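Peer 1: Sequence:
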Amino acid sequence: MATTVISIGPFRDVHDIDVATTNGRRCTIDIYKNDSGFDSEVTILDSVSSPSGSWVYSTKPASDSAMDNFDAAIELIKKYLSQVDPQDSIKYVHNPCNTPFISEADQNSVLSNKGISLSVRVN
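Take the sequence shown: its position 103, counted from the start at 1, is 103 in our numbering, and no numbers get skipped.
Because the hints were derived from the structure by calculation, they are not lab data.
Just so we're clear, the structure is a prediction, and the values are computed from it rather than from any experiment.
A few of these clues could be false.
[As the list claims (entries may be wrong)] Ranges of calculated distance between the beta carbons of each label pair, as one might list FRET restraints:
#: 1; residue 1: 12; residue 2: 50; range: 21 to 27 Å
#: 2; residue 1: 105; residue 2: 18; range: 17 to 23 Å
#: 3; residue 1: 11; residue 2: 122; range: 19 to 25 Å
Just so you know, even glycine gets a beta-carbon here, dropped at the ideal spot from N, CA and C.
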């Protein structure tokens, strides 16, 4: 009888960050490590707007800095909110799986520089 061993590993290392807004929109920031640095996507789950839906956006630029990608992702979310609901704002930023690429302090610094007065949560 033959034995088969299957090894499953991550396709890419990822830093997953959840964002919620005061009016109930949800966003996920995924920052991926690749051979040349980092790139990221933002998924916006908008059940508040009409029509409701979900959208995935790639942030620019891909760079050697995960912090640049986090900054771009927060900016993308802010611009989205300003277009669909100027009264909505980021309510919380949560790191459910620790902070593998961007420290809590660095995330708080980015938020502060963008005029967002809150502290990120980790786990």
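Peer 1: Out of the numbered hints, which ones does the structure contradict?
Peer 2: 1
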